[in-house]
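Enquirer: So the chains spell out like this:
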Amino acid sequence: MKLKVYSDRLSQPVRAVLIFCKVNGIEFEEVRVDLSKREHFSPEFSEINPMNQLPAIVDGEFKLFESHAILIYLASSYPEVADHWYPADVFKRSKIHSVLDWRHSNLRRGPVTIVQNTVLAPMFCRPFNPEGAAEGEKLLSAALSKIESFWLEGNGPFLLSANQPSIADLSLVCEIMQLELLDEADRNRLLSPYKKVQQWIENTRNATNPHFDEVHKSLKEIKEQLQK
Amino acid sequence: MKLKVYADRMSQPVRAVIIFCKVNCINYEEVRLDIAKRQHLTPKYAEINPMKQLPAIVDGRFKLFESHAILIYLACSFPGVADHWYPVDVFKRSKIHSVLDWHHSNLHPGPVTIVRNTVLAPALGRPFNPEAAAEGEKILSASLAKIETVWLKDNGRFLLGGNQPSIADLSLVCDIMQLELLDESDRDRLLGPYKKVQQWIENTRNATNPHFDEVHKILMKAKEKRQNQRLKGENHGGGGSDMKKPLVSRI
Numbered sequence: 009m010k011l012k013v014y015s016d017r018l019s020q021p022v023r024a025v026l027i028f029c030k031v032n033g034i035e036f037e038e039v040r041v042d043l044s045k046r047e048h049f050s051p052e053f054s055e056i057n058p059m060n061q062l063p064a065i066v067d068g069e070f071k072l073f074e075s076h077a078i079l080i081y082l083a084s085s086y087p088e089v090a091d092h093w094y095p096a097d098v099f100k101r102s103k104i105h106s107v108l109d110w111r112h113s114n115l116r117r118g119p120v121t122i123v124q125n126t127v128l129a130p131m132f133c134r135p136f137n138p139e140g141a142a143e144g145e146k147l148l149s150a151a152l153s154k155i156e157s158f159w160l161e162g163n164g165p166f167l168l169s170a171n172q173p174s175i176a177d178l179s180l181v182c183e184i185m186q187l188e189l190l191d192e193a194d195r196n197r198l199l200s201p202y203k204k205v206q207q208w209i210e211n212t213r214n215a216t217n218p219h220f221d222e223v224h225k226s227l228k229e230i231k232e233q234l235q236k
Numbered sequence: 176m177k178l179k180v181y182a183d184r185m186s187q188p189v190r191a192v193i194i195f196c197k198v199n200c201i202n203y204e205e206v207r208l209d210i211a212k213r214q215h216l217t218p219k220y221a222e223i224n225p226m227k228q229l230p231a232i233v234d235g236r237f238k239l240f241e242s243h244a245i246l247i248y249l250a251c252s253f254p255g256v257a258d259h260w261y262p263v264d265v266f267k268r269s270k271i272h273s274v275l276d277w278h279h280s281n282l283h284p285g286p287v288t289i290v291r292n293t294v295l296a297p298a299l300g301r302p303f304n305p306e307a308a309a310e311g312e313k314i315l316s317a318s319l320a321k322i323e324t325v326w327l328k329d330n331g332r333f334l335l336g337g338n339q340p341s342i343a344d345l346s347l348v349c350d351i352m353q354l355e356l357l358d359e360s361d362r363d364r365l366l367g368p369y370k371k372v373q374q375w376i377e378n379t380r381n382a383t384n385p386h387f388d389e390v391h392k393i394l395m396k397a398k399e400k401r402q403n404q405r406l407k408g409e410n411h412g413g414g415g416s417d418m419k420k421p422l423v424s425r426i
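Protein chains in written order, with this note's numbering: chain G, 9 to 236; chain U, 176 to 426.
Keep in mind that the hints were calculated from the coordinates and are not lab data. Please note that the accuracy of each hint is not assured.
What the hints assert, rightly or not - Below are the SDA-like pairs computed for lysine to any residue, each with C-alpha atoms no more than 20 Å apart in a straight line:
1) G:Lys10 x U:Val265
2) U:Lys267 x G:Pro87
3) U:Lys321 x G:Glu52
4) U:Lys313 x G:Gln61
5) U:Lys212 x U:Leu299
6) U:Lys328 x G:Pro51
Put together the whole structure using the sequences plus the hints.
Expert: In structure tokens, the structure reads:
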């Protein structure tokens, strides 16, 4: 039985899992669950993930949710996955855990808060909320500063001075890509102070293309729809 | 060079790391930093952890922060640590990662938000904020309901049907223990509906005692101090639960 990935490509952590599978040649079936139609609250999906969130996977009889846990499981279980994604070395691996944990409490809320209070508000029946979005911008800027000054401190193209991407790069870059839903002017305003961050996003994209662009196509399509 | 753990035992994730070390007989030096005195914001500590948070560890030349990352590192690097803390089995291990990740965005904000906006507000130089505390209560209740019905769904003594504790049990229970800072009536009101959760907290405590109680003593002392201060205040005309009335500043 093929791996199933429960997915809505609007979701940043979903995209990280999809790109990871495609880049590593992991065969899977993408089971689409539409967040805007609240399909993640269906009884069927609750059997897969009682927390009603995406992504989730089913591998044989094994069910798992939370994207970091999923990425680690896939990296550990599929022998075709190269070591740099989730190194066996305990020191490198621990630093990756540190970035992933930091992401939860620091980076994640920024882009989510901005887009949910602006461009995605109508889709999720929420009011447009400029103060909420402004709070999101503060969170995002604080997080991007930390990435620029600390996580990208060394001279490597990727986080933690690495020369090849890890699951941390993929996870964090997919998070920041949510800003593609904004007007280009806003996106540039938010990202432009951070030169290393912009380069790192490009590096991660190049290292995982054509899959990165293909998976992110949905964001462009959604943006076009919203602009109509 | 001995492992160093940068610690303020008022912090839930710090307590999880310290109890883990003690239970597993990991030799370490506890370097005390007082969050209320803003000692985590010094340039010296920023060299250890530029995110300026606790806990952090230094093992030889290796520095690490984020408590889940630290617990995993210790479980993998110190040979005396029994497998149940962080099993080698990829399926069990993945489920533990799932709990720990869920914890960040779900359980952890609950107790933090409640205590920061009530009992710990003065120590942190923050205003008393009952609306924010009420939000924290909602987050906590939603999370406790999920622990009761999902993570404790199977009949084990610990999360995920386990018969022995993992780092996930320690991490989550230490977070809930922050509620010890509240009045007993508030704590009972918040935890009362969740029987499995209460039993699980007790199981985790028993599995890690006497270290669990010893490390949590600081919360009891902080609570006693606050209650004494309130009694002094009542003698001058105040009174009532800290969650329900604004604290009168004595500054």
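Enquirer: Report the numbers of all earlier hints that the structure fails to satisfy, in ascending order.
Expert: none
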